[in-house]
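*Asks:* The listed protein sequences derive, respectively, from chains X and R.
If you count the first sequence from 1, position 375 lands on 375 in full-length UniProt numbering, and the numbers rise without skipping.
If you count the second sequence from 1, position 86 lands on 86 in full-length UniProt numbering, and the numbers rise without skipping.
Calculated from the structure, these hints are not laboratory results.
One should not assume that every hint holds.
Which copy is meant is left open, so a pair is good if it fits within one copy or across any two.
As a list, the in silico DSSO-like pairs of lysine-lysine whose alpha-carbon atoms are at most 30 Å apart [what the hints assert, rightly or not]: (1) Lys-5 with Lys-40; (2) Lys-237 with Lys-171; (3) Lys-5 with Lys-122.
Number of protein chains: 2
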Amino acid sequence: MNEIKVGLLGFGTIGTGVAKLLATNADLIAAKVGAPVTLKKIADLDITTDRGISVPAGVLTTNADEVLTDPEISVVIELIGGYNPAKAFVLKAIENGKHVVTANKALLALHGAEIYAAAARKGVEVLFEAAVGGGIPVISALRGNMAANNFSTVFGILNGTCNYILTRMTKEGVDFADVLRNAQELGYAEADPTFDVEGVDTAHKLALLVSLCFGTRVNFDDIHTEGISSLSSVDIKFARDFGYKIKLLAIGKRDADGVEARVHPTMIPVSNPLADVDGVFNAIRFTGDFIGPVMFYGRGAGMDPTASAVAGDIIDIARNIMTGIGRRAAPLGYGDNAVVTLPIKPMGSIEGKYYLRFSAVDKPGVLAKISGVLGKYDISIESMVQSARMAGEEVPIVIMTHEAREEYVRKALDEIDTFDIITQKSRLIRIEDNLE
Amino acid sequence: MNEIKVGLLGFGTIGTGVAKLLATNADLIAAKVGAPVTLKKIADLDITTDRGISVPAGVLTTNADEVLTDPEISVVIELIGGYNPAKAFVLKAIENGKHVVTANKALLALHGAEIYAAAARKGVEVLFEAAVGGGIPVISALRGNMAANNFSTVFGILNGTCNYILTRMTKEGVDFADVLRNAQELGYAEADPTFDVEGVDTAHKLALLVSLCFGTRVNFDDIHTEGISSLSSVDIKFARDFGYKIKLLAIGKRDADGVEARVHPTMIPVSNPLADVDGVFNAIRFTGDFIGPVMFYGRGAGMDPTASAVAGDIIDIARNIMTGIGRRAAPLGYGDNAVVTLPIKPMGSIEGKYYLRFSAVDKPGVLAKISGVLGKYDISIESMVQSARMAGEEVPIVIMTHEAREEYVRKALDEIDTFDIITQKSRLIRIEDNLE
Chain X
1 MNEIKVGLLG FGTIGTGVAK LLATNADLIA AKVGAPVTLK KIADLDITTD
51 RGISVPAGVL TTNADEVLTD PEISVVIELI GGYNPAKAFV LKAIENGKHV
101 VTANKALLAL HGAEIYAAAA RKGVEVLFEA AVGGGIPVIS ALRGNMAANN
151 FSTVFGILNG TCNYILTRMT KEGVDFADVL RNAQELGYAE ADPTFDVEGV
201 DTAHKLALLV SLCFGTRVNF DDIHTEGISS LSSVDIKFAR DFGYKIKLLA
251 IGKRDADGVE ARVHPTMIPV SNPLADVDGV FNAIRFTGDF IGPVMFYGRG
301 AGMDPTASAV AGDIIDIARN IMTGIGRRAA PLGYGDNAVV TLPIKPMGSI
351 EGKYYLRFSA VDKPGVLAKI SGVLGKYDIS IESMVQSARM AGEEVPIVIM
401 THEAREEYVR KALDEIDTFD IITQKSRLIR IEDNLE
Chain R
1 MNEIKVGLLG FGTIGTGVAK LLATNADLIA AKVGAPVTLK KIADLDITTD
51 RGISVPAGVL TTNADEVLTD PEISVVIELI GGYNPAKAFV LKAIENGKHV
101 VTANKALLAL HGAEIYAAAA RKGVEVLFEA AVGGGIPVIS ALRGNMAANN
151 FSTVFGILNG TCNYILTRMT KEGVDFADVL RNAQELGYAE ADPTFDVEGV
201 DTAHKLALLV SLCFGTRVNF DDIHTEGISS LSSVDIKFAR DFGYKIKLLA
251 IGKRDADGVE ARVHPTMIPV SNPLADVDGV FNAIRFTGDF IGPVMFYGRG
301 AGMDPTASAV AGDIIDIARN IMTGIGRRAA PLGYGDNAVV TLPIKPMGSI
351 EGKYYLRFSA VDKPGVLAKI SGVLGKYDIS IESMVQSARM AGEEVPIVIM
401 THEAREEYVR KALDEIDTFD IITQKSRLIR IEDNLE
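Looking at chain X on its own, in the form it has when it is part of the complex (with noise of 0.2 Å):
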């Protein structure tokens, strides 16, 4: 083989730079493969726009199935994003008998067991390093060189829309609407930010590191997302008084009794490398059982990052095809029979610690009824914070819980938000101790 001819699916931001990556690194990349490695074809329905790039005549196209059904492309990466067209093309592309790179962390999270089947199937490989933080490494180690722990735990920061938010409002004390309008005239959040803001691309990319983590499936509408829309600038204060920040945060542990997968705003120590995460970097923390701690740090979003990733994806392929081979792994590290689908366990069964948050007319007796509530429910405080008292007025009430099941801390508070006394709905933040 003395050259690696590919295609690519979708020319945005990301397939731009990966375009932009393939022609300025020409040389270094042929290098490391033993081959010149060549962008065949770009195929997005504008072909017209202007992305700051030069691409020879011929090679950008309207229709896809210029790439998918080229004979002399071997590798299709997939930038379109969302589930259809990738997913088809995605499917017709492995039919082919073309290997495949995507960074649809959304596809991959919904429909990756299908995809990783016909892989299998046709022998080619699917790699996603793009889909999760940005051009960190870490779906690579975990199917590498990380690959003979058993993972007990994975704690992610993913999303930088979510950690450039809540870095200002931790920084800045402001409330998360100004920081999002003004996230959103730097072009750090998009438009609609729903996605980002509500948790769901952080519990995408929750559902790929537990199945490369725990070798399991999950279902993923069984991840109990929770973005940071409705967090206060109160409880952010709260923490660093109690030595916590407040992090979005993707968490995964296995233990004998099954898997949990969860996405919430979470209280972790100041002390914790994870908590000096700030603005739009990610990181992502795991613990195996030989490896210990090891956490991965960059830049987990935008063109250029993203482009190592699906560049790296590339070499890895191209090096493949020149030593003659379809593939040498599945996609999740594991053969294609060893996954099995595990039940993620409910949120109501899950042990923490719990900061909470009570708003109460100041009048005697308040603590009493929450805490003998709280009692009830075999749910110990372990610090509690009463801010100035002034006569007949709200105050906010702050618990820090001991260990405590989670279905009993709901529990409690739909019972303390009955009475009277309490005068706003109760928060609460679930506290992540001990991040190994």
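Using the hints, position chain R against chain X.
*Replies:* Using the frame of chain X, we list chain R on its own:
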């Protein structure tokens, strides 16, 4: 191939960890490779000491040739360390067509080129993830998913013993000698700690990182190497006052003028994530032209994390064997002829900021004399601190410089140290403000 058989040279701490991992996680590894991986032979001069794990009869031998010549063994794991007989064994394994996995940074830093050339001739892999950063998968990331980047910098905290000592000196304000003694009692430092505390181990690891990052061979003796044994707790305290922490940093840089590779105590801003890497943990931070800054963090040594890295390399090779290929990529990730030898810039030509501490008799005019010499050598002062005056006694004068050329800084210090008013040799610590 229905079974991959490996042989182990060296049954010390790491070797025992590898044997334990291959036994404990045998099913997991088989699922990831598609066949069982079996440890067929272990060679060590001492086969009587109980390592706390059971080894089947006939596996242990004192004769390395039983590993090196066994036709069933396809992967030889070298964990003897040092140059001899490790080098002869590795070359013989390659000559016999066996793939090699090693944790031996000293061997590769000095004899890598010869070993890689032999591997190229025989078409076998030489993998060495465990040589840098214990279990942290940086080597495979550089060879693999990050391979599409031109790297401009690499910064590493690569020696757990040094970082443990520096962390305690920083937190407790105690002196080097006291912490070292205690670290030796606790088993965190060797009886003869020279290799670690004088920076030699860090320099070996830097040599490997520089080769991988920049695609260049370096002459190990050209790496400027300074350890931490002459660091004073006074300097650590002053560093904190200026917003810095002192770390033993491995520094690699590449620009159009050439390559820098150096190991020395370095002041880094407390706000940089590397400053938070405490105790026996390691971290490595890279900047690539597309990926941007990326950092890896984890346990940089110890039986289990290092075994994780060795086992990851074994899985990598086993997947090649299962797909019927000899090797996929050269040890440094570049084609064998694409690695060039570049000279390392001499330290005198380095430009940077400096912390200078002078011990002077407290007399009028002292500062004028010192700053006069600095001015003569084109070294401009960013800030200065002179401690409380006690007339006639010795006082420390600390100066932080703007960017200056090292050879001029050294000349200035040599000249200043000839003055009568100077009571001790002046101290110089390099500052890295921008770790990109």
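*Asks:* Now tell me if each hint is right for this structure.
*Replies:* Right, here's what the structure says about each hint:
no.	hint	result
1	Lys-5 with Lys-40	within (6 Å within a copy, 42 Å between copies)
2	Lys-237 with Lys-171	both (10 Å within a copy, 27 Å between copies)
3	Lys-5 with Lys-122	both (19 Å within a copy, 29 Å between copies)
Of the numbered hints given earlier, the model fails none.
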